[in-house]
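Peer 1: The residues making up each chain are set out below.
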Amino acid sequence: DTGVSQDPRHKITKRGQNVTFRCDPISEHNRLYWYRQTLGQGPEFLTYFQNEAQLEKSRLLSDRFSAERPKGSFSTLEIQRTEQGDSAMYLCASSFSQGALVNEQFFGPGTRLTVL
Amino acid sequence: QQQVKQSPQSLIVQKGGISIINCAYENTAFDYFPWYQQFPGKGPALLIAIRPDVSEKKEGRFTISFNKSAKQFSLHIMDSQPGDSATYFCAASWRTSGSRLTFGEGTQLTVNP
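Residue numbers (this note's numbering), protein chains in the order written: chain Y, 1 to 116; chain C, 1001 to 1113.
Isolated chain Y, as found in the complex:
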């Protein structure tokens, strides 16, 4: 396991369709984060998991978005009824956290979503 992987790398969909992205973190990492990055901007936090528990959700995460991390391993991010404004790069990152010690976040290559 050499890093964080994401699938698919690119997704083109029509407005109104549902899409699901997958993230596989580095195997020993207990924290998993989702970020969204639009063109020319820095990534923006969406949500994060500690093991299987979703501990925080950004107000950017509307009720059309849902994320899961069953069994504390891979995670999925689903967007229902996609809108053109959802077009962005969706980035996943993972890290190891133990008590107060939090290590760096390693990012995956991202999933580029285009909503037509």
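A couple of the hints might just be wrong.
[Stated by the list, open to error] Cut-off 20 Å, straight-line C-alpha distance, at most; resulting in silico cross-link-like pairs (EDC-like, lysine to aspartate or glutamate):
(1) Lys1057/C / Glu104/Y
(2) Lys1058/C / Glu104/Y
(3) Lys14/Y / Glu78/Y
(4) Lys1005/C / Glu1105/C
(5) Lys57/Y / Glu78/Y
(6) Lys1042/C / Glu104/Y
(7) Lys11/Y / Asp24/Y
(8) Lys71/Y / Glu56/Y
(9) Lys1068/C / Glu1056/C
(10) Lys1071/C / Glu1105/C
(11) Lys1058/C / Asp1031/C
(12) Lys1042/C / Asp24/Y
(13) Lys1005/C / Glu44/Y
(14) Lys1042/C / Glu44/Y
(15) Lys57/Y / Asp86/Y
(16) Lys1042/C / Asp7/Y
(17) Lys1015/C / Asp1079/C
(18) Lys71/Y / Asp7/Y
(19) Lys1057/C / Asp1031/C
(20) Lys1057/C / Asp1079/C
(21) Lys11/Y / Glu78/Y
Source of the hints: derived by calculation from the structure; they are not laboratory data. Note that the structure is a prediction, hence the values are computed from the model and not measured.
Chain C: place on chain Y using the hints.
Peer 2: For chain C alone, coordinates are given in the frame of chain Y:
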């Protein structure tokens, strides 16, 4: 609320020169300040990071300078190379927030040969 402001938006440097990118933050609870490098079509990769108990950290050609009282930190790239051409993001986080990162707007660095 933009909590981390980054400048300049773009920077052009000659090979061998020094690249300097600046960031300012608002939230005094931040306790971790990383810099990420991103190439087109790739995810961000950590370059170097600093905690507020030190004023400077150096790793190879990359140095972070940190000014806690001014709530500012900067990245210096010495002997800049064409391969350094990328987008650089500063970020900040704090442990009680789950260490989620708040990113700056990014600086597109071009190093001319």
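Peer 1: A separate judgement is required for each hint: does it hold in the structure or not?
Peer 2: Status of each hint after checking the structure:
This hinted pair checks out: Lys1057/C and Glu104/Y have alpha carbons roughly 16 Å apart, not beyond 20 Å. Distance restraint check for Lys1058/C and Glu104/Y: the Cα-Cα separation of roughly 17 Å lies within the 20 Å cut-off, and the hinted pair is therefore satisfied. For the proposed pair Lys14/Y and Glu78/Y, the alpha carbon gap of about 15 Å is at most 20 Å, so the pair holds. Only pairs whose Cα atoms come within 20 Å are accepted, and Lys1005/C paired with Glu1105/C is accepted, the gap being roughly 7 Å.
Distance restraint check for Lys57/Y and Glu78/Y: the Cα-Cα separation of roughly 14 Å lies within the 20 Å cut-off, and the hinted pair is therefore satisfied. Our distance criterion of 20 Å between C-alpha atoms is met by Lys1042/C and Glu104/Y, whose separation comes to about 17 Å. The hinted pair formed by Lys11/Y and Asp24/Y meets the criterion: a straight-line CA distance of about 17 Å does not exceed 20 Å. Distance restraint check for Lys71/Y and Glu56/Y: the Cα-Cα separation of roughly 18 Å lies within the 20 Å cut-off, and the hinted pair is therefore satisfied.
Annotation: proposed proximity of Lys1068/C to Glu1056/C holds, straight-line Cα distance about 11 Å (limit 20 Å). For the given pair, Lys1071/C sits about 17 Å from Glu1105/C by alpha-carbon distance, which is consistent with the 20 Å threshold. Between Lys1058/C and Asp1031/C, the direct Cα distance comes to roughly 18 Å. Compliance with the 20 Å bound is thereby established for this hinted pair. A threshold of 20 Å between alpha carbons decides the hint, and for Lys1042/C with Asp24/Y the separation of about 16 Å falls inside it, so the pair holds.
Taking the CA atoms of Lys1005/C and Glu44/Y, the gap is near 14 Å; set against the 20 Å cutoff, the hint holds. The suggested pairing of Lys1042/C with Glu44/Y holds, with an alpha-carbon distance near 16 Å, which does not exceed 20 Å. With a C-alpha separation of about 17 Å, the suggested pairing of Lys57/Y with Asp86/Y holds against the 20 Å cut-off. For the hint pairing Lys1042/C with Asp7/Y, the CA-to-CA distance comes to about 13 Å; that is within 20 Å, so the pair holds.
With a CA separation close to 7 Å, the supplied pair Lys1015/C and Asp1079/C stays within the 20 Å bound. Restraint check for Lys71/Y and Asp7/Y: the C-alpha separation of about 19 Å stays at or below 20 Å, so the hint holds. Taking the CA atoms of Lys1057/C and Asp1031/C, the gap is about 15 Å. The hint holds against a cut of 20 Å. Pair hint Lys1057/C plus Asp1079/C holds up; C-alpha atoms about 17 Å apart against a cutoff of 20 Å.
Proximity of Lys11/Y to Glu78/Y is assessed by CA-CA distance (about 12 Å); at most 20 Å being required, the pair is judged to hold.
Checked against the numbered hints above, the structure violates none of them.
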